[in-house]
Amino acid sequence: MKRVLVALPDQHVHSGVHERVRILAPHLKALGYETIALFPGKKNAVLLRKWPCPVTFYFGLYRPRKACWHNLKWILGLPFSVLSCWRAIRQLDADIIHTNGLLNIAPAIAARLARRKVVWHLIGDHYPKWTVKAVMPLVKRLSHKMVFVAERMLNYYSAKGSNKAVSILEPVFMYQEEGNQAALRNKLMEMAAGGRPPSSWSADMERQTWIGAIGNLVPAKDWISFVEAAERLCSRYSHLRFVIMGGRSATQHDYAETVLKRVERSDYRERFWLTGHVPHAGRFAGVLDVFMLASVCEGTPIAIVEAMLAGVPVVATDAGGVADMLSERRGLCCPAANPEALAKAVERVLAERAAHIDAREVAAWVEKHQPEKIATEFCRLYQSLGRR
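Numbered per the numbering used here, the sequence shown finishes at 566, counting up by one with no gaps.
If you're looking for bench data, these hints aren't it; they were derived computationally from the structure.
Among these hints, one or two may not hold up.
[Stated by the list, open to error] Across the chosen pairs, the derived CB separations fall in these ranges: (1) Met352 x Ser505: 29 to 35 Å; (2) His190 x Val310: 23 to 29 Å; (3) Arg414 x Arg374: 25 to 31 Å.
[Stated by the list, open to error] Straight line, CA to CA, 35 Å or less: simulated DSBU-like cross-link-like pairs of lysine-lysine: (4) Lys323 x Lys551; (5) Lys522 x Lys338; (6) Lys180 x Lys207; (7) Lys318 x Lys522; (8) Lys228 x Lys365; (9) Lys546 x Lys207; (10) Lys546 x Lys180; (11) Lys307 x Lys551; (12) Lys318 x Lys342; (13) Lys439 x Lys318; (14) Lys318 x Lys338; (15) Lys342 x Lys307; (16) Lys207 x Lys551; (17) Lys439 x Lys551; (18) Lys180 x Lys365; (19) Lys323 x Lys311; (20) Lys221 x Lys551; (21) Lys439 x Lys180; (22) Lys522 x Lys342; (23) Lys180 x Lys318; (24) Lys551 x Lys311; (25) Lys439 x Lys338; (26) Lys311 x Lys180; (27) Lys307 x Lys221; (28) Lys180 x Lys220; (29) Lys522 x Lys365; (30) Lys338 x Lys221; (31) Lys342 x Lys220; (32) Lys546 x Lys338; (33) Lys311 x Lys342; (34) Lys522 x Lys221.
Virtual Cβ for every residue (Gly too), placed ideally from N, Cα, C.
Sequences and hints are given; from them, build the entire structure.
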């Protein structure tokens with residue numbers, strides 16, 4: 179059994195990266211690769227208890243933030259983080275270090291010092307161009323393989339044509355709650371940490387059209403544009419309701435407050451429901467009639483695949499690898515940071531009743547995200563690295 183030390187950028191933000199590691203760990207173990215999750219920061223009893231694979235920690239701050247003092251400490255502490263990672267690699271006798279995120283540098287340097295193989299996973303398009311330009315030469319030098327979540331991301335990271343570059347899709351937990359839409363909506367109301375929707379929703383719920391998205395209240399999801407697009411639609415259609423299915427991020431409380439206040443100021447605030455945290459929210463994608471994602475930065479959001487799995491038509495903005503996910507027959511893609519374009523795309527879906535979507539093509543795309551298939555691709559990638 180070979181050991182893969184998977185370095186994650188944060189322990190306080192549960193993102194698609196964390197979900198990928200959690201989903202794939204048992205499948206990779208069955209293929210001969212044991213996953214060990216490596217987090218920066220202090221020992222966390224919750225992670226130790228809840229993660230489906232072994233967890234360890236190293237001395238280090240979480241990924242850089244907007245706060246200058248935090249970033250200065252991150253830079254000054256880098257040598258100590260490298261040393262701490264090096265010790266973890268040696269103690270665990272890891273064969274491969276799989277680091278996630280452009281700025282998750284310490285584990286990669288430590289791996290090279292320990293003469294281990296390095297896989298560098300590059301996910302989203304939320305970094306400034308100057309950061310990508312400055313860091314990518316180091317990534318290319320330190321890594322043995324670079325993994326991208328979509329072909330489009332190769333251009334963003336200036337890795338097109340590199341013999342180290344590999345594209346592998348993100349896995350999706352292929353499970354949806356059972357029951358008809360009404361039953362799913364009732365169950366979601368019971369589970370939502372943010373409470374039930376406005377009381378006005380209880381009348382004629384079966385005649386309502388629910389439009390929404392799944393994701394934490396973070397700037398990358400651009401919930402302000404979501405709200406503005408929703409307001410445009412509310413002014414034209416009285417039966418529409420809008421659901422924001424996600425909780426607050428531990429590092430983005432100010433932005434979450436901004437979103438909440440923006441909804442409260444809306445003339446249509448009674449048409450919005452912010453559910454708060456819902457465990458494994460993707461399994462409730464079927465409560466929606468249209469999935470509307472307004473992101474300005476993305477990788478390849480698994481929530482889109484979860485919506486497809488539930489048979490919900492998708493409208494999303496052109497961010498990250500979204501355009502690779504949404505062909506004309508799988509959903510609609512529109513410009514980011516453009517509420518009017520987003521609203522018009524939703525109107526098209528409502529008018530055509532998603533007639534342009536090919537169910538067979540959607541099913542084939544969802545099938546590509548099966549965890550077993552993705553685990554097999556990673557197994558081949560690890561095998562291609564050879565012995566340490």
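Taking the hints in turn, this is what the structure says about them:
| no. | hint | verdict |
| --- | --- | --- |
| 1 | Met352 x Ser505: 29 to 35 Å | violated, 21 Å |
| 2 | His190 x Val310: 23 to 29 Å | holds, 24 Å |
| 3 | Arg414 x Arg374: 25 to 31 Å | holds, 26 Å |
| 4 | Lys323 x Lys551 | holds, 19 Å |
| 5 | Lys522 x Lys338 | holds, 34 Å |
| 6 | Lys180 x Lys207 | holds, 9 Å |
| 7 | Lys318 x Lys522 | violated, 41 Å |
| 8 | Lys228 x Lys365 | holds, 24 Å |
| 9 | Lys546 x Lys207 | holds, 20 Å |
| 10 | Lys546 x Lys180 | holds, 26 Å |
| 11 | Lys307 x Lys551 | holds, 33 Å |
| 12 | Lys318 x Lys342 | holds, 8 Å |
| 13 | Lys439 x Lys318 | violated, 43 Å |
| 14 | Lys318 x Lys338 | holds, 12 Å |
| 15 | Lys342 x Lys307 | holds, 21 Å |
| 16 | Lys207 x Lys551 | holds, 14 Å |
| 17 | Lys439 x Lys551 | violated, 43 Å |
| 18 | Lys180 x Lys365 | violated, 42 Å |
| 19 | Lys323 x Lys311 | holds, 18 Å |
| 20 | Lys221 x Lys551 | holds, 33 Å |
| 21 | Lys439 x Lys180 | violated, 50 Å |
| 22 | Lys522 x Lys342 | violated, 41 Å |
| 23 | Lys180 x Lys318 | holds, 24 Å |
| 24 | Lys551 x Lys311 | holds, 33 Å |
| 25 | Lys439 x Lys338 | violated, 42 Å |
| 26 | Lys311 x Lys180 | holds, 34 Å |
| 27 | Lys307 x Lys221 | holds, 34 Å |
| 28 | Lys180 x Lys220 | holds, 26 Å |
| 29 | Lys522 x Lys365 | holds, 31 Å |
| 30 | Lys338 x Lys221 | violated, 38 Å |
| 31 | Lys342 x Lys220 | holds, 33 Å |
| 32 | Lys546 x Lys338 | holds, 23 Å |
| 33 | Lys311 x Lys342 | holds, 17 Å |
| 34 | Lys522 x Lys221 | violated, 48 Å |
Going through the hint list in order, the structure does not satisfy hints 1, 7, 13, 17, 18, 21, 22, 25, 30 and 34.
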